[in-house]
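Asker: One-letter residues, chain by chain:
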Amino acid sequence: GDSVTQMEGPVTLSEEAFLTINCTYTATGYPSLFWYVQYPGEGLQLLLKATKADDKGSNKGFEATYRKETTSFHLEKGSVQVSDSAVYFCASPSGGYNKLIFGAGTRLAVHP
Amino acid sequence: DAGVTQSPTHLIKTRGQQVTLRCSPKSGHDTVSWYQQALGQGPQFIFQYYEEEERQRGNFPDRFSGHQFPNYSSELNVNALLLGDSALYLCASSRLAGGKGTDTQYFGPGTRLTVL
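Chains as they are written, first to last, in the working numbering: chain P, 1 to 112; chain U, 113 to 228.
Think of the hints as simulated: they come from the structure by calculation, not from any bench.
Be a bit skeptical, because a hint or two may be false.
What the hints assert, rightly or not - Computed list of lysine-lysine pairs in DSSO-like fashion (alpha-carbon distance at most 30 Å, straight line):
no., chain 1, residue 1, chain 2, residue 2
1, U, Lys138, P, Lys56
2, P, Lys77, P, Lys56
3, P, Lys52, U, Lys138
Here the structure is a predicted model, which means the values were calculated and not measured.
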């Protein structure tokens, strides 16, 4: 079946460092791709999305580009802040009814 | 505009009991999906409801059942609780678009279920 694979964490960075979290997917049919963020003790918040190849999703300084040729949707941020500390999930729909499949999540810890 | 709401926030049950979790979708949304998130893992799809019917189901036993009401709100029921059912249960709502169902899913804060 379809799957989403993202880099294992935890990722530990100093404030203002550059962030990359890798994500690859297997679903065919040009699915939309999503990044969600989960802060401690909370549900998932949509961070950004891209709906077709070469689209770039962006929000709060985070960016991800839908790369069909490499089936990837890597998350990047140029300068992380302590408040970015959270768990990040890459997700893709699977099948015809918008069932989302998630990666295992990558925990990010940003230190001052 | 209220987002997705879920109740209760936390719940403690014992093995063998039954539980009902509730979800109200975001305004304008007609589709509700339920996910189970075990500690340290990504969410796993349980099922999805649209027009008061279950449209798709993940790999969960029949102990997990659901319902959608005419106002689009939804319930998740779990019977004969097992210790392994302890998890965060997330509800997500979306708006069916053009029959393809690819619209973005927005999540509620979740219900933390602990089974003792």
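Asker: Each hint should be assessed against the structure and marked as holding or not.
Answerer: Status of the hints after comparison with the structure:
no.: 1; hint: Lys138/U x Lys56/P; verdict: 26 Å, holds
no.: 2; hint: Lys77/P x Lys56/P; verdict: 13 Å, holds
no.: 3; hint: Lys52/P x Lys138/U; verdict: 25 Å, holds
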